[in-house]
Amino acid sequence: MLEIRDLRVAVDGKDILTGLDLRVAPGEVHAIMGPNGSGKSTLAHVLAGRDGYEVTGGEILFEGRPLLDLAPEERACAGLFLAFQYPVEIPGVNNTYFLKAAVNAIRKHRGEPELDAMDFLALVREKLAVLHMDESLLKRGVNVGFSGGEKKRNEIFQLAIMEPRLAILDETDSGLDIDALKDVAKGVNALRSPERAIILVTHYQRLLDHIVPDRVHVLSGGRIATSGGQDLALELESRGYEWVREAAAGA
Amino acid sequence: MGAGGGGRGMNGAAASAARYAEAFARREPALPGHDLAWLRDVRRAAADAFSRSGFPTPRNEHWKYTNVAPIEKRAFDLDGAGAAPRAAPGNGASGTLPGGNGTSGAFLDGGGAPRLVIVDGRLDPGLSNLEALPPGVTVEDFPRALERDAAFFESLLARIVRPEKTAFAALNTAFMDTGAVVRAAPGAVADAPVHLVFVSGAEGRERAYSPRIVIAAGAGARIAVVEHFLGLDGAVYLDNVVTEIDVAEDAAVEHYKVQQAGAAAYHVAALEARLARGASFHSWAVSLGGRLSRHDIDVTLDHEHARCSLDGLYMANGRQHTDFHTNVEHVAPHCASHEYYKGIAGGRGRGVFNGRVHVHPHAQKTEAHQTNRNLLLSRNAEIDTKPQLEIHADDVKCSHGATIGQLDEQMLFYLRARGIAESAARGMLTYGFARDVVERIARPGLRGPIGAAVLGHLPGGGDLREILQ
Amino acid sequence: MDTPNTEIDALVRREYQHGFVTDLESDTVPPGLDEDVVRLISRKKQEPAFLTEWRLRAYRHWLTMSEPRWANLHHPPIDYDEISYYSAPKSKDDGPKSLDEVDPKLLETYEKLGIPLHERAALAGVAVDAVFDSVSVATTFKDKLAEQGIVFCSFSEAVREHPALVEAYLGTVVPYTDNFFATLNSAVFSDGSFCYVPKGLRCPMELSTYFRINAAKTGQFERTLVVADEGSYVSYLEGCTAPARDENQLHAAVVELVALEGAEIKYSTVQNWYPGDEHGTGGIYNFVTKRGDCRGNGSKISWTQVETGSAITWKYPSCILRGDDSVGAFYSVALSNLRQQADTGTKMIHLGRNTRSTVVSKGISAGRGQNSYRGLVQIGKGAENARNYTQCDSLLMGDRCGAHTFPYMEVKNPSAKVEHEATTSKISDDQLFYCRQRGIGEEDAVSMIVNGFCKEVFRELPMEFAVEAQKLLEVSLEGAVG
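Those protein sequence lines, which keep their order, are chains S, D and H. In terms of numbering that gives the first Met the number 0, the first sequence is numbered consecutively and its last residue is 250. In terms of numbering that gives the first Met the number 0, the second sequence is numbered consecutively and its last residue is 468. In terms of numbering that gives the first Met the number 0, the third sequence is numbered consecutively and its last residue is 481.
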């Protein structure tokens with residue numbers, strides 16, 4: 000589904016990713032871990048097509064097509080979803096309206112009929128219940144006045160509504176209390192399916208107690224230093240990232 | 000001179016202009032620096048500018064709410080301090096000075112902070128104390144500084160506050176004959192603030208004073224200056240002050256202005272600061288005294304990473320009229336300005352605030368925030384406020400807010416329910432309103448005495464001194 | 000960083016959609032103004048003597064005045080002798096008696112404008128008075144309204160049919176001496192709309208006027224007078240368009256509203272005069288005086304405006320809150336794109352006790368547009384417990400435009416509470432990226448964010464108008480991102 004080959008990315012002339020390789024197959028859940036500044040969020044942003052990142056080498060194929068030439072909305076329509084680390088506030092635009100516009104933009108792209116208000120509302124209600132979100136949040140401006148936890152739930156709620164092929168969760172666990180973390184994990188687990196892949200970008204292992212990954216990768220120095228199963232995450236938890244850095248330097 | 004009887008309108012204006020022109024011609028040969036050709040040109044140009052403009056009228060947008068006709072009508076004595084040295088002040092060098100509301104002494108007591116005291120336009124060496132100045136910092140009275148190092152002034156004087164800016168700045172520039180100069184060499188750091196104390200109205204004459212204050216901080220220097228104007232309550236006089244402040248790269252200047260002019264006095268002051276890259280400027284001003292006062296505070300941020308904050312408090316009681324006009328020019332990108340002003344009007348007082356922020360094209364990443372809050376205490380008081388934003392760049396964060404209101408009835412009730420008399424409760428809440436401005440004084444040592452001065456001007460404030468304890 | 004700006008640039012470049020000229024035979028007075036022209040206008044309209052005299056007084060006063068210079072507006076001097084002060088589409092006899100008699104070309108024009116005149120008017124339930132080059136051409140639903148005692152007609156007709164009402168209220172809110180442009184209007188106004196709602200009546204439909212400038216080199220000077228008698232209610236809509244021409248045309252209208260005790264007037268405007276092109280050529284100079292007088296206790300006047308057109312907009316729809324407990328409101332969206340300049344805002348003059356006012360202003364600047372909010376909140380000595388809340392937000396798109404705020408607050412009563420807040424922002428890269436990541440294209444994202452910004456104002460408009468306003472905003476901003 001996703002194939003990243005020798006990806007090199009610079010920001011303001013400084014190399015952040017220095018030859019990253021990653022393959023993600025449908026149905027898989029991959030965790031990308033690493034210390035602060037290792038390039039985890041850069042990877043998430045480059046996948047979604049954010050400005051300000053200079054790709055200096057390598058390529059990314061999404062479902063066999065080159066991803067880097069596509070505009071952010073084209074990637075979204077192709078089925079790539081990024082749950083933001085810092086969800087953005089858009090005053091005056093109500094959450095439901097925003098989400099309906101997004102869903103219908105994607106349906107239109109796929110040649111599917113747009114959802115009418117009733118169908119959409121039914122869909123929304125169903126997903127809200129899963130995430131224990133208050134319906135009043137729908138009437139508020141996008142993320143405006145939401146608490147940190149509400150913002151993160153809202154991201155997963157959007158993910159659930161939009162049903163992408165590939166979901167990238169950028170530090171979705173940061174700043175969540177345990178109840179919110181469980182709700183978020185429940186939401187994500189409900190979306191696991193043989194056709195869908197998920198990339199969890201996270202600093203901590205604790206999210207992985209609730210969403211068990213198929214593969215764990217550790218990012219260090221702009222590339223994947225080591226990969227393994229869930230036990231790797233546990234090892235990181237007990238030994239810290241220094242160990243990986245040293246191992247990578249020694250190699 | 001007959002201008003007082005000259006009546007209104009053009010005749011009065013023409014008569015007053017003629018009087019100032021005549022006084023200038025008479026005094027010019029003996030003004031400080033009269034032998035410097037460049038300074039002569041500056042003074043003459045300023046005198047000409049004033050002759051052309053005359054005093055502003057309320058038709059001028061900048062003077063919409065402040066009518067200076069009472070100043071125009073008065074035939075102030077423009078003859079300066081005269082040649083003879085002033086007799087030693089009766090109070091001697093004990094540190095107590097004549098002043099409004101008897102609060103002035105507090106500023107100078109204890110610690111022996113460096114101070115320059117000018118009484119009726121003349122340096123008073125007995126009251127001044129410049130022994131404790133840190134290395135690299137010099138403080139002189141204006142005529143002496145000009146005499147000693149004229150070259151220093153040539154590139155600076157009247158370059159920051161342009162004489163054509165206002166009629167009053169022009170008048171000051173033409174007549175400036177007293178004042179103070181504070182200079183900090185690069186890297187110099189002064190821990191104690193320098194006090195510049197001006198006492199006006201001690202003589203019987205109805206004088207117009209034209210003090211010029213110049214503050215220059217070299218690269219990386221850090222200084223604080225207090226400009227304190229006091230006056231005798233019965234005296235009618237005009238303080239027409241101009242302050243020019245030059246803050247070099249990465250230097251920091253704090254400026255405190257305490258206006259406690261006499262109750263019958265007129266006080267007009269223009270201050271402008273020029274900031275180099277990375278420089279910072281903090282202005283804190285309080286207007287308490289005077290029959291009519293007007294402050295113009297201008298900051299130009301034309302180098303990157305400069306920042307300024309402007310805080311102030313104005314109080315108008317009785318028939319006082321007080322007006323603050325602030326203006327921040329954001330010319331360079333990556334600069335920040337913060338402004339916090341509060342006003343209180345009681346009696347038949349009138350408080351005016353006009354805060355302008357101008358973000359020039361290309362001044363991206365500007366951050367400019369302004370707050371103005373006002374308290375109206377009585378039926379015949381008035382507040383006029385106009386926060387003004389002019390923005391020509393898009394990547395900016397700018398906001399302003401202004402409110403006019405009164406004391407919270409619920410709080411008042413709460414205090415009274417706890418047994419506090421209504422007048423005391425009102426005083427407390429009024430001081431409570433003003434207090435956060437006082438707390439923005441960065442020097443803890445100044446907070447107490449300035450807070451006490453503020454309290455002294457509050458209705459019923461005298462009973463509230465223990466709040467400060 | 001570059002993308003949104005480039006995109007903003009591209010959005011600006013779209014042609015003015017209402018820029019067609021209707022080929023009609025007009026009855027136009029040669030350019031220039033003197034007492035004879037004033038008399039001629041009055042005669043053509045068969046006006047009673049009081050009105051002719053009033054016009055002449057205004058004209059004579061105008062000669063003593065000069066154009067105001069205080070606004071943040073820059074334009075070449077207007078040559079008042081180059082303007083034709085009267086242009087009427089030629090039609091049979093005394094004008095059309097019904098829609099059938101209206102020049103079909105004219106109707107076509109309105110159709111192009113998307114005006115719900117004719118059949119559509121009935122469907123939409125909107126009564127329309129259409130003013131074409133300052134002459135009212137058709138008023139729909141007149142008869143139906145008349146049955147209930149509501150007068151809704153062209154100003155000329157009101158002068159003929161209801162001279163007492165006109166004489167009683169004309170110039171009582173905006174006197175002929177008021178300001179340069181209002182005084183000019185008082186001398187030369189050619190037509191406009193008139194509405195009177197009798198005591199206790201709730202006008203059952205939205206009343207609507209459409210203004211269009213068509214003839215070249217003409218000024219448009221219409222005058223609107225709305226009187227809501229005690230306890231009545233009326234909602235009044237006004238729309239404006241003009242053809243694209245490369246000279247500037249002057250529009251100097253006056254609107255007077257009078258709300259008597261317990262009455263409420265809601266006045267909504269969608270102004271889309273031709274804005275000129277991106278070089279600043281052509282476009283309407285829109286100098287308008289709008290003022291409402293809350294004359295009676297408990298009366299209420301609210302102004303809602305969406306200003307997307309005109310090369311220059313100079314207007315300050317105001318409320319005089321004279322009656323105790325009266326309420327004033329001003330909701331505004333003003334957009335300046337291309338080289339448009341808008342200096343607009345409101346005055347809330349609190350005179351009565353317990354008077355309240357709300358001001359919500361949303362300024363959008365794009366291209367090389369300059370947008371100024373200028374507002375005055377005045378609390379008089381007798382205005383016990385007056386309240387004002389003002390919120391004034393600016394959105395900047397691109398680095399060559401400007402957004403300015405000039406709020407004046409003058410408070411003379413210690414029981415007043417006045418609050419003013421202003422913010423300035425841009426559409427952030429983060430917001431755009433967030434929308435695009437959710438599959439929403441850049442233009443849609445921009446219009447979504449802009450509409451969100453304007454929401455509090457659109458909410459005040461009647462539904463059909465809100466939709467139209469939203470569309471207008473989108474069209475006006477197209478090319479502003481890119």
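Think of the hints as simulated: they come from the structure by calculation, not from any bench. No experiment lies behind these values; they were computed from the predicted model shown. One or more hints might be untrue.
Claimed, not checked - Beta-carbon label-pair distances, calculated as ranges:
hint	chain 1	residue 1	chain 2	residue 2	range
1	D	Asp301	S	Pro65	55 to 61 Å
2	D	Asn379	H	Glu52	40 to 46 Å
3	S	Glu125	H	Pro461	31 to 37 Å
4	D	Asn59	H	Met64	50 to 56 Å
5	S	Val54	D	His361	28 to 34 Å
6	H	Pro461	D	Ala68	33 to 39 Å
No residue lacks a Cβ here, since even glycine has one placed at the ideal position from N, Cα and C.
message: Let me make sure I understand: some of the numbered hints might not hold for this structure. Which ones are they, in numerical order?
response: The structure conflicts with hints 1, 4, 6, although it agrees with all the remaining ones.
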